[in-house]
Structure formats: structure tokens, C-alpha cells
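Number of protein chains: 2
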Amino acid sequence: MSFIKNWLRADIQDINAYHVPPALDMIKMDAMESPFSLPDEMIKQYLSYLANVELNRYPVPDSQELKRTLRDLMDIEDELGILLGNGSDELIQILALACKSGDTILSIEPSFVMYDIIAKFTRINYKNVQLDDNFEIDIDSTIHAIKKYNPKLIFIAYPNNPTGNSFSRSHIIDIINTASEALVVLDEAYYAYADDSFLKDVANFPNLVLLRTVSKIGFAGLRLGLLIGDKGTVEQLDKLRLPYNINSLTQVSARFLLQHKNEINNNANTIIEQRTYLTDALTNINGLLVYPSQANFLLFQAPNADNLFENLKDNGILIKNLSNVPRLTNCLRVTVGSVEQNRQFIEVVRSYYG
Amino acid sequence: MSFIKNWLRADIQDINAYHVPPALDMIKMDAMESPFSLPDEMIKQYLSYLANVELNRYPVPDSQELKRTLRDLMDIEDELGILLGNGSDELIQILALACKSGDTILSIEPSFVMYDIIAKFTRINYKNVQLDDNFEIDIDSTIHAIKKYNPKLIFIAYPNNPTGNSFSRSHIIDIINTASEALVVLDEAYYAYADDSFLKDVANFPNLVLLRTVSKIGFAGLRLGLLIGDKGTVEQLDKLRLPYNINSLTQVSARFLLQHKNEINNNANTIIEQRTYLTDALTNINGLLVYPSQANFLLFQAPNADNLFENLKDNGILIKNLSNVPRLTNCLRVTVGSVEQNRQFIEVVRSYYG
Chain A
6 MSFIKNWLRA
16 DIQDINAYHV
26 PPALDMIKMD
36 AMESPFSLPD
46 EMIKQYLSYL
56 ANVELNRYPV
66 PDSQELKRTL
76 RDLMDIEDEL
86 GILLGNGSDE
96 LIQILALACK
106 SGDTILSIEP
116 SFVMYDIIAK
126 FTRINYKNVQ
136 LDDNFEIDID
146 STIHAIKKYN
156 PKLIFIAYPN
166 NPTGNSFSRS
176 HIIDIINTAS
186 EALVVLDEAY
196 YAYADDSFLK
206 DVANFPNLVL
216 LRTVSKIGFA
226 GLRLGLLIGD
236 KGTVEQLDKL
246 RLPYNINSLT
256 QVSARFLLQH
266 KNEINNNANT
276 IIEQRTYLTD
286 ALTNINGLLV
296 YPSQANFLLF
306 QAPNADNLFE
316 NLKDNGILIK
326 NLSNVPRLTN
336 CLRVTVGSVE
346 QNRQFIEVVR
356 SYYG
Chain B
6 MSFIKNWLRA
16 DIQDINAYHV
26 PPALDMIKMD
36 AMESPFSLPD
46 EMIKQYLSYL
56 ANVELNRYPV
66 PDSQELKRTL
76 RDLMDIEDEL
86 GILLGNGSDE
96 LIQILALACK
106 SGDTILSIEP
116 SFVMYDIIAK
126 FTRINYKNVQ
136 LDDNFEIDID
146 STIHAIKKYN
156 PKLIFIAYPN
166 NPTGNSFSRS
176 HIIDIINTAS
186 EALVVLDEAY
196 YAYADDSFLK
206 DVANFPNLVL
216 LRTVSKIGFA
226 GLRLGLLIGD
236 KGTVEQLDKL
246 RLPYNINSLT
256 QVSARFLLQH
266 KNEINNNANT
276 IIEQRTYLTD
286 ALTNINGLLV
296 YPSQANFLLF
306 QAPNADNLFE
316 NLKDNGILIK
326 NLSNVPRLTN
336 CLRVTVGSVE
346 QNRQFIEVVR
356 SYYG
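Note that the protein sequences, when read in sequence, are chains A and B. For the first sequence, my numbering assigns the number 6 to the initial residue and increments by one for each residue that follows. For the second sequence, my numbering assigns the number 6 to the initial residue and increments by one for each residue that follows.
Bound-form chain A, shown alone (with noise of 0.2 Å):
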């Protein structure tokens, strides 16, 4: 027998090691990526910002210029604080690690794995609680989940991932009224696309803060997430922050390309835009089920989607097979792309029903 085999604790043995299929040429709307790449005149300047980083030097360690374009692109309050991750993982990561042995954290689902698997890296307790058949918060359940297992975070997405949906703001509410001894973790990582965000109540709630990530909005290539709070609660999670965690390449780029607000708007705008295209090319076809959209992908429930998706692929075009999450049988989901990809994607789609 190995040495690890004895060495290594046996729920982290029995994960399946997570696979990414390799997208090899195929149009990729299966990962949430934007489909818009740089302007050539944008990665000219940027080149220039980068020539001058000292690579040999450690990075700024608390990564404050970077905070302040932040601020800027998403319009959050001075009094905020905010806390600097690679991508929101390492932000749920901090919150876990925040807890102590035997505290819990509840989420909602079927949601954003990585709550749940975090949890299990941080050796903390993992619940959950079903959201009703269409997709939104049982709030009785929740609100008798939270009374049973005191939950030490709440974990809710806003919008939620796989589903696409926001959830009622008065439920988000009861929720963070209700756990007043627990840190509700609202992850917009979405926010760019949809109508409502909470990161107007976040000074009004000591029990809110927020995730949100550049991932989704053109920039998945710098593993860049932040975590919204307030001032006094971001200063203690800074303490859990391994040092210099934001390197100085993430840093220079980020704040160059960060400062194009017109630009990424206008991205995310595009983006809406082709998901009621989807929408309603989608809901269009016969025997589809469509459910509504806030962030920049679809779920939808397709006959035989098993066979839809290979049909896909076979079409040179990756999107996200779901059928075999529980409560998400024969969907799939397809992250909005550009309009060719689209296109191209709704014509296989209907000549695969046609």
C-alpha cells in the first residue's frame, strides 16, 4: 500500500479529481466566459503597463491601487471594505477557514459546487437545503434549516449558478434577518447581468457581504475575486489572506484593463441582449424548457439532452451537460456567447429537433 494511501484523510481520497474536458478548436459556451477578446489597440497599451512591472520584486502586498479600480468599475461605496482573492475559491476558502471545528455552513441547491466542496477541504460541516421546483428559496425550509443547524455562513448565489435564476429579495432578506448570528455570503458573481444586487444593503446589514469576480465579465484568464463587506469584518477575514496572494502581473493587468468601464458595460450589455435572443430562439422549439435568465447562460431541459449535447460536440460546440445532477434531469446549460456563436449554436439545436 502507498504511503499516501495511509497518510491522506479518506474523504479527500474519495473525491474524483475534477476533470475540465479539453475544449481542443471547439466554440466554448460551456464555462461562463465572455466571447469578447481585447481590442488590439487595448493590448497595445497594456503591454506597455506590463513592461514595467518588477517581476523580481514581491508584489504590493495589499494590492490598494487595484482595490480603488475596482471600486470604480463597480461602483462600491468607500466605506466598504474589500478583500482580494484568486477568483471568489479562495474567498470562499478565507470564510471557511474563518470558522471553527464542528461550525456548519448551509447552502441552497443544486447551486455552485464549490461551497460544498470547500467545506470538505476546510473540514467544516456541509448542509444544504433544496430550492423548490422552480428554482427559487423554499423559505420555510430555509428558514427552518438555518433554526436546526446554525449555520455559521449561509452561502446563497445571486444569481444563482446552475439555474440562472435571482432569487425573491424579500427571501434574501428573511434570511439575513433570521441568521443574525451567521455571515450571509451573497455571490454575485453574476451581478453584471442582472436587474437587482445587494451592494446597496451591505451597509445595512452587519451580517452580509458580498462575492463577486472579474471571471464573468472578460477577464476569467486572471483568477481575480473580491469580497464586498463591512469595513471592520473584511480587516479580520484580511487576516486569513496568505500573503501577497494577488501577484504583481494580476495586479498591473487588472487595473489597466479594469479601468474600461464603457467598455465591459457595453460587453455585458451585448450579452443580454443575445440571451433573450436565446431565450426565445430556445423557447421557440418544441419540447424545450427554457427558464428565465440573470446571468450570461441558460438553463434549459431538453429531450434526450444526453444525446443533444454529443450532438453538439459532434458540431464542433461545447456547452455544460447537467442531466445527471440530481434535480436537474435532461439539462443542459449554454453560457451566452457571441452572436455567430449563437447563431451557429440555435441552428444545431434546431436542426437536431427539425
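One or more hints might be untrue.
[To be verified] Okay, the calculated beta carbon distance ranges per label pair:
1) Asn155(B) to Pro248(A): 24 to 32 Å
2) Asp200(B) to Ser53(A): 41 to 49 Å
3) Leu294(A) to Gln18(B): 47 to 55 Å
4) Thr275(B) to Arg14(A): 43 to 51 Å
[What the hints assert, rightly or not] Listed next, the stretches of chain A that the computed footprint assigns to chain B, with coverage defined by at least 3 CB atoms under 8 Å from CB atoms of chain B:
5) 35 to 46
6) 55 to 67
If you're looking for bench data, these hints aren't it; they were derived computationally from the structure. This one's a predicted model, so the numbers in the text were calculated from it and none came from an experiment. C-beta: ideal position from N, C-alpha, C; glycine also.
Position chain B against the provided structure of chain A, taking the given hints into account.
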């Protein structure tokens, strides 16, 4: 009372946030950084690589090409596995998360402070064994501590920071053999400046892994660390790595920059020569005690160390003041700089004591 004061575990609240002193325009000889910046010609080529990074896409998940580059740079056999982290810190945290609640990390002291800090972050016990008066491993005490605490992980920096020396090879082998149920982690951050390494030994000891980093060889800004170990061990530890942890800019930059093996090795040789210059020059100053170093820094004991430290700062030179660290009374640590920086540093120290 604020929400976070009630919510956050007390041992984290008690941590004093780690403040990196601003270096302003000082000569930085405090952080084991390389003094060498990139040649202009290399920057041009490097930027042309970066121009092709698709920032709207997620990074390559397993960083395979970058691992190939690191194998070539560090002569890592194909039989060994490599795990990448945002600095060694992320890898230390992955190792600590692999432990069960109630497990113990053992390290020697004085050593790198993050072993202790990350044990606290991850809610694992931390025990230490003191080095002897020459900063060599006290093998009897260490064997005793292994039997007493039955540690799950043993961290040893080889060469050690902040003392600069490497330990007796046979002591390390005794530890690996005695602690056969522990994973022994040799942190070879300073490998480029040392006469010895355990790289060739990893294949012979199933409970041995190495940590390395590119921070001390010219690329602190990249925050790139690696764990080298048995393939099966790395495959299991990899399950605890957060997805896409190494961003696209780091992957592409490091692949290009780290292929310049001759340049990197020549720079390391210059540092080793300059280490000899600094050692000799400091030793010749009356009252100074210089510890032997296998790293890119020197630890030395100096009368009125606090005053000398301030005097250096007044003269525009920042080094590290360790005189308040247990066992290091009146000790300062200076990173080997460029020929000119080292000359200036020696001049200030000489005139201070002259």
C-alpha cells in the same frame, strides 16, 4: 460590539495583521528578492508572448506546459509529480488541509513563520523543536518530539530561513526514517544558493516531498511555488488544489521566463560570489558575528542591532530586523543584493562601527 468580533474565532482575532513596511525608494535588501531585473531584449520577447493570452478564457487547468518548463529548469525527473501553488504558501496550506482535525504539524525554530501561521489558519496543532546554539538540528530533541507528538507533517526549511544554514544531511535522513508515518516537507526555497538538495532522494523516501519557489531566483512577483513528490502523492494532494489556481498570465510568463536557465544560473552564481564578499566584509568588522549561509541572505549578530538597523534605514538601505525574535537577540538579516548595493551596505555598517 461589532458583528465580526462575535463571529470570528478568537485565535484569528488575536493575530496582529502582518504589515510589510513600505520600502519607498530604499535599497531593498530585506526580502530575499533577486536584485536582477529582466534584460530589455527579454522583456520585448516576453510581452509578445503575453499579447496572445486569451484573458476572457479560464487558465489551462493543470498548467502542464509550465510544469515541463520547471522540470527542465530544476532537473526534476519525469518520475516525480509536481503540484503548483501561488507561492509555497498555498502549498503549505494544501498540506495542512490534507490533515485531519487533531493532527499536529512539527517544525524546528527559529524557521519560516508561515508553518506556524498556516497551522493556525487550518486549525491544526503546531509544535516546534528548538535548534541548538549553532542553529543546527538537535537530533535527540527532534527524535524525542517526533515520538511524543506523532506529527502528521514535519516542515524543515533546507537551507533554513532566517538562519541561512543548511542542516546535517544525516540528521534529515534520521528524521525521515524515524517519522515514517509523517510526511516530511523539506522547503528548498533557497535551493539555487545551496550546495546540497534532497531532489535526488525524493524517489527513495515515500514520506518525503520538497517545496521550491521561483521567488528567490528572480521572480518574486509571479508568486509561483511548486511541490515535488511521488506521483501518487501529488495526484492525491492535487484534489485539494482550488480550480485554476495558477492564472493565465503567470502560466504564460513563467513558461517564457523560466526557460532562460543559463541566465538564471549565472545570476545565482553572482549572488553566491557576493555572499562571500558580504560574509568576509562583515566578519572583518569588529564585534559582528556572521552565521554561515547557504542562501541568498546572511544572518549576523551586531552590537546595538536596533540602532544599526535604523542607521541603515536613514542611509536608504532596508534590511530585516530580527533582534526581537526569540533566540535572535541583536540579529539582523541582509539579503544579498547587487555588487553596488552590497558595497553601499558594507560602507554604512563600517562607518557605523568605525
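Evaluation of the provided hints:
no.: 1; hint: Asn155(B) to Pro248(A): 24 to 32 Å; result: 30 Å, holds
no.: 2; hint: Asp200(B) to Ser53(A): 41 to 49 Å; result: 42 Å, holds
no.: 3; hint: Leu294(A) to Gln18(B): 47 to 55 Å; result: 49 Å, holds
no.: 4; hint: Thr275(B) to Arg14(A): 43 to 51 Å; result: 45 Å, holds
no.: 5; hint: 35 to 46; result: holds (count 7)
no.: 6; hint: 55 to 67; result: holds (count 10)
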